[in-house]
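One point on numbering: in this note's numbering, the residue at position 89 of the first sequence is 169, and numbering is uninterrupted.
Worth double-checking, as some hints may not be accurate.
What the hints assert, rightly or not - Within a straight-line C-alpha distance of at most 20 angstroms, the following computed SDA-like cross-link-like pairs (lysine to any residue) qualify:
1. Lys-361 <-> Gly-335
2. Lys-230 <-> Lys-361
3. Lys-361 <-> Arg-341
4. Lys-362 <-> Cys-336
5. Lys-112 <-> Arg-147
6. Lys-177 <-> Leu-205
7. Lys-362 <-> Ala-349
8. Lys-130 <-> Met-162
9. Lys-362 <-> Asn-279
10. Lys-362 <-> His-159
11. Lys-177 <-> Pro-111
12. Lys-171 <-> Leu-185
13. Lys-149 <-> Arg-136
14. Lys-278 <-> Phe-220
15. Lys-278 <-> Ala-207
16. Lys-112 <-> Ala-207
17. Lys-130 <-> Lys-171
18. Lys-361 <-> Gln-243
19. Lys-130 <-> Asp-218
20. Lys-112 <-> Arg-165
21. Lys-101 <-> Lys-130
22. Lys-362 <-> Gln-243
23. Lys-361 <-> Glu-324
24. Lys-101 <-> Arg-147
25. Lys-361 <-> Thr-273
26. Lys-130 <-> Arg-96
27. Lys-344 <-> Phe-220
28. Lys-101 <-> Phe-154
29. Lys-344 <-> Asn-251
30. Lys-130 <-> Lys-112
31. Lys-278 <-> Gly-335
32. Lys-230 <-> Ala-268
Said to hold, decoys possible - Per label pair, the in silico range of CB-to-CB distance:
33. Lys-362 <-> Asp-293: 28 to 38 angstroms
34. Asp-184 <-> Lys-362: 50 to 60 angstroms
35. His-178 <-> Ala-268: 35 to 45 angstroms
36. Thr-102 <-> Arg-271: 53 to 63 angstroms
37. Thr-195 <-> Arg-271: 38 to 48 angstroms
38. Asp-204 <-> Leu-175: 20 to 30 angstroms
Please keep in mind that the hints were generated in silico from the structure rather than gathered at the bench. The model shown is predicted, which means the values in this text are computed figures rather than measured ones. Even glycine gets a Cβ: it sits at the ideal position worked out from N, Cα and C.
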Amino acid sequence: MPELPEVEVLARHLQRLLPGKTIRGVDVRRPKVLRPDSPDHFCRALLGAKFTGLSRRGKYFLFQLRRPKSREDFTLLGHLGMTGRMYLARKNAPLPKHAAVVLDLGRENFIYEDTRYFGRLTLDLSAVASLGPEPLSDDFQPASFGQALKRSAQAIKVKLLDQSLVAGVGNIYASEALFRARIAPQRAANRLTAAQVKNLWSAIRTVLAEAIDCGSTVPLNFAGGADNLFYFGLAAGMEDYYEERLLVYDRAGQGCSVCGRPIKRIVQAARSTFFCPHCQKK
DNA sequence: CACCATGTTCCTTG
DNA sequence: CCAAGGAACATGGT
Numbered sequence: 081m082p083e084l085p086e087v088e089v090l091a092r093h094l095q096r097l098l099p100g101k102t103i104r105g106v107d108v109r110r111p112k113v114l115r116p117d118s119p120d121h122f123c124r125a126l127l128g129a130k131f132t133g134l135s136r137r138g139k140y141f142l143f144q145l146r147r148p149k150s151r152e153d154f155t156l157l158g159h160l161g162m163t164g165r166m167y168l169a170r171k172n173a174p175l176p177k178h179a180a181v182v183l184d185l186g187r188e189n190f191i192y193e194d195t196r197y198f199g200r201l202t203l204d205l206s207a208v209a210s211l212g213p214e215p216l217s218d219d220f221q222p223a224s225f226g227q228a229l230k231r232s233a234q235a236i237k238v239k240l241l242d243q244s245l246v247a248g249v250g251n252i253y254a255s256e257a258l259f260r261a262r263i264a265p266q267r268a269a270n271r272l273t274a275a276q277v278k279n280l281w282s283a284i285r286t287v288l289a290e291a292i293d294c295g296s297t298v299p300l301n302f303a304g305g306a307d308n309l310f311y312f313g314l315a316a317g318m319e320d321y322y323e324e325r326l327l328v329y330d331r332a333g334q335g336c337s338v339c340g341r342p343i344k345r346i347v348q349a350a351r352s353t354f355f356c357p358h359c360q361k362k
């Protein structure tokens, strides 16, 4: 699930469920996802704490927690990596194969599962400090965005994945934003014109905002089946619907939605890029 | 067996 | 110190 829009949609969902709930038990099944925390430190901090809020920064979740008798919140940082999911599940539901951390919340469990274990759940907040501006906030401005791009000769697509430039854009929405802005992904970042910078700035915001809207409206399997109460995911059969809105990502060989010519796939920085060579100009 | 996958971090090299 | 390129992390799908 993991680019800014998916994290945002899930954060909004969990925000309705978590506040007020107390952590009565902590089961760390994959200590590596706590890095650099030790399981001991992690468990001691969380045990007995109560969720008070939840927000998002880039692709990170910021869980606000409070210890009993304390007036001060502390923050738990979450990241889904490539394959992570976080949801509440029934106490008696069988744990998923790749459960990384399970928090006992009384009536239900908070499950963080992650097939590849690239994600994190940690008290170490240092990763957030180096993030660039939030793309959907007023902190993200064309002028400063353009300034930052000037300092790099890297291909613009690769630059968009740099979380210190702008926080939350990943491999899917980088391709989508460049298609929308009609800019070739190979173009050097420092060679975009001012007009292109503005278009790209705007395209990033549009693409992310539309994805959040889509994720908020698409039928989600919040309730789940009998064994999986509170499970979060797309409702059955909705995966395609959710991906239809992507205009170029994973569409190599298909006709461009604007000109009809085939979408191409290239590899940049060891990752796939999808684009229309006809519509996206260098 | 080969290659691919929504991400980040570490290590080199220049 | 910085920019850039590549490998590593770990598992599963096709």
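Structure-based check of all given hints:
no., hint, verdict
1, Lys-361 <-> Gly-335, "holds, 17 angstroms"
2, Lys-230 <-> Lys-361, "holds, 19 angstroms"
3, Lys-361 <-> Arg-341, "holds, 14 angstroms"
4, Lys-362 <-> Cys-336, "holds, 17 angstroms"
5, Lys-112 <-> Arg-147, "violated, 25 angstroms"
6, Lys-177 <-> Leu-205, "violated, 28 angstroms"
7, Lys-362 <-> Ala-349, "holds, 19 angstroms"
8, Lys-130 <-> Met-162, "violated, 28 angstroms"
9, Lys-362 <-> Asn-279, "holds, 14 angstroms"
10, Lys-362 <-> His-159, "violated, 34 angstroms"
11, Lys-177 <-> Pro-111, "holds, 15 angstroms"
12, Lys-171 <-> Leu-185, "holds, 9 angstroms"
13, Lys-149 <-> Arg-136, "violated, 26 angstroms"
14, Lys-278 <-> Phe-220, "holds, 11 angstroms"
15, Lys-278 <-> Ala-207, "violated, 28 angstroms"
16, Lys-112 <-> Ala-207, "holds, 16 angstroms"
17, Lys-130 <-> Lys-171, "holds, 18 angstroms"
18, Lys-361 <-> Gln-243, "violated, 25 angstroms"
19, Lys-130 <-> Asp-218, "violated, 32 angstroms"
20, Lys-112 <-> Arg-165, "holds, 16 angstroms"
21, Lys-101 <-> Lys-130, "holds, 5 angstroms"
22, Lys-362 <-> Gln-243, "violated, 24 angstroms"
23, Lys-361 <-> Glu-324, "violated, 24 angstroms"
24, Lys-101 <-> Arg-147, "holds, 12 angstroms"
25, Lys-361 <-> Thr-273, "holds, 12 angstroms"
26, Lys-130 <-> Arg-96, "holds, 14 angstroms"
27, Lys-344 <-> Phe-220, "violated, 30 angstroms"
28, Lys-101 <-> Phe-154, "holds, 15 angstroms"
29, Lys-344 <-> Asn-251, "holds, 15 angstroms"
30, Lys-130 <-> Lys-112, "violated, 24 angstroms"
31, Lys-278 <-> Gly-335, "violated, 27 angstroms"
32, Lys-230 <-> Ala-268, "holds, 9 angstroms"
33, Lys-362 <-> Asp-293: 28 to 38 angstroms, "holds, 31 angstroms"
34, Asp-184 <-> Lys-362: 50 to 60 angstroms, "holds, 55 angstroms"
35, His-178 <-> Ala-268: 35 to 45 angstroms, "holds, 40 angstroms"
36, Thr-102 <-> Arg-271: 53 to 63 angstroms, "holds, 54 angstroms"
37, Thr-195 <-> Arg-271: 38 to 48 angstroms, "holds, 39 angstroms"
38, Asp-204 <-> Leu-175: 20 to 30 angstroms, "holds, 25 angstroms"
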